[in-house]
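Q: Sequence:
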Amino acid sequence: MAFFRLSLAADESPLVRGRGFYLRPPRPDDYVAWARLRQASYEFLKPWEPIWPADDLTRAAYRRRIRRYQREIEEDLAYPFFLFREPDDELMGGLTLGMVRRGVAQAATLGYWMGAPFAGRGHMGRAVRAAAGYGFDNLRLRRIEAACVPHNAPSMRLLERVGFRREGLARQYLCINGVWQDHVLYALLRDDFRADTGSP
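For the sequence shown, full-length UniProt numbering gives the first residue as 1, with consecutive numbering after it.
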């Protein structure tokens, strides 16, 4: 059972606010902004993501995505967020706390993407820190894992700035851009995060 319930309704308020940004679940009326940003960022994102399906940016595919998000939230499997800039509500990217494991694990896997116009400005680092705090405090996670390809130096620097620790290398971990690629594995523990932030 989930410890809280998200809604993808149009009146969903931001779940996390930070300096100049906020996070909230994706919702159906985000389609135009999402599709526009993803299309404009295609070449930028291509080296770091699985190959997109041919219909990925269509409205029908987005509706399926929203239905999947809602099902995963209801089943306590994943918690997706869109990242918006304040004060103009511009969509900048997205994050997911996914592959939630309960029982003796209490862990999740972090994934994120940033639109090309907003990359390299520190937005995602602040958003990852906020999402991690939400995962530890609201989802009661003890561990958040992340992985990135070894040649993605900006992503590794981001994770390390937030406090993630490198734990190893997984060979042929994910199929990225059509190739099975090794990934560097990182993790952030709740105790380390609270010690770093001074939270109780």
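Possibly wrong hints are sitting among the right ones.
Stated by the list, open to error - With beta-carbon atoms standing in for the labels, derived distance ranges: (1) E90 / R67: 24 to 34 Å; (2) R142 / A54: 38 to 48 Å; (3) G178 / G103: 30 to 40 Å; (4) F44 / G98: 41 to 51 Å.
None of these hints come from the bench; they were simulated from the model.
Virtual Cβ for every residue (Gly too), placed ideally from N, Cα, C.
Q: E90 and R67, beta-carbon distance inside 24 to 34 Å?
A: 25 Å, holds
Q: Could one say that the CB atoms of F44 and G98 fall in the range 41 to 51 Å?
A: Violated - the Cβ-Cβ distance for F44 and G98, about 22 Å, lies outside 41 to 51 Å.
Q: Does the beta carbon distance between G178 and G103 stay inside 30 to 40 Å, or does it fall outside?
A: Since the Cβ atoms of G178 and G103 sit about 35 Å apart, the hinted range of 30 to 40 Å holds.
Q: Using the beta carbons of R142 and A54, state whether their distance is inside 38 to 48 Å or not.
A: 40 Å, holds
In this structure, the one hint that does not hold is number 4.
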